[in-house]
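Trainee: Please model the entire structure based on the sequences and the hints provided.
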Amino acid sequence: MSTPIFPPNRPFTKKRCFEWRAFIRTQCPNAEEVISYGMPAFKETKVLVYYEAFKNHVGFYPTAAPIVRFEEELKASGLTFSKGAVQLPLTGVWPEALLIQMIAYRQEVAGVKVLCS
Numbered sequence: 001m002s003t004p005i006f007p008p009n010r011p012f013t014k015k016r017c018f019e020w021r022a023f024i025r026t027q028c029p030n031a032e033e034v035i036s037y038g039m040p041a042f043k044e045t046k047v048l049v050y051y052e053a054f055k056n057h058v059g060f061y062p063t064a065a066p067i068v069r070f071e072e073e074l075k076a077s078g079l080t081f082s083k084g085a086v087q088l089p090l091t092g093v094w095p096e097a098l099l100i101q102m103i104a105y106r107q108e109v110a111g112v113k114v115l116c117s
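In this note's numbering, the protein residues as written are 1 to 117.
Just so you know, the hints here were simulated from the structure itself, not pulled from any lab data.
There's no promise every hint is true.
[Claimed, not checked] No farther apart than 25 Å at their CA atoms in a straight line, the calculated lysine-lysine pairs in the BS3-like style are these:
id, residue 1, residue 2
1, Lys83, Lys43
2, Lys46, Lys83
3, Lys14, Lys43
4, Lys15, Lys55
All values derive from a computational prediction rather than experimental measurement.
Mentor: As structure tokens, this is what we get:
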């Protein structure tokens, strides 16, 4: 896959989505980019994470396990999250260290060798 899905006519949303895609790529360098459940995703033996751009945020879907594991850190970060999703605001700075930990944990749970952390 060469481009992520993003809302049309929203250049800033598109920019943040591409930034997020590049960020995930640094954490999952061997993953293949696929469309799964209608969303862009990164997959090795299993889908590791999904993402999607919306009007006011970029949705990050690492599955439920990383959210349960990092629930306290997510609360402290001020990010909006639910059972399987994290909303990354279009403006401001994202908590990169926490997001790296969540992606690495998802790789571990999925049985994928973690190359970056």
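Trainee: All hints, please: hold or fail.
Mentor: Checked hints:
1. Lys83 - Lys43: Distance of about 20 Å is within 25 Å: holds.
2. Lys46 - Lys83: 19 Å, holds
3. Lys14 - Lys43: 22 Å, holds
4. Lys15 - Lys55: It holds: about 12 Å lies between the C-alpha atoms, which stays within 25 Å.
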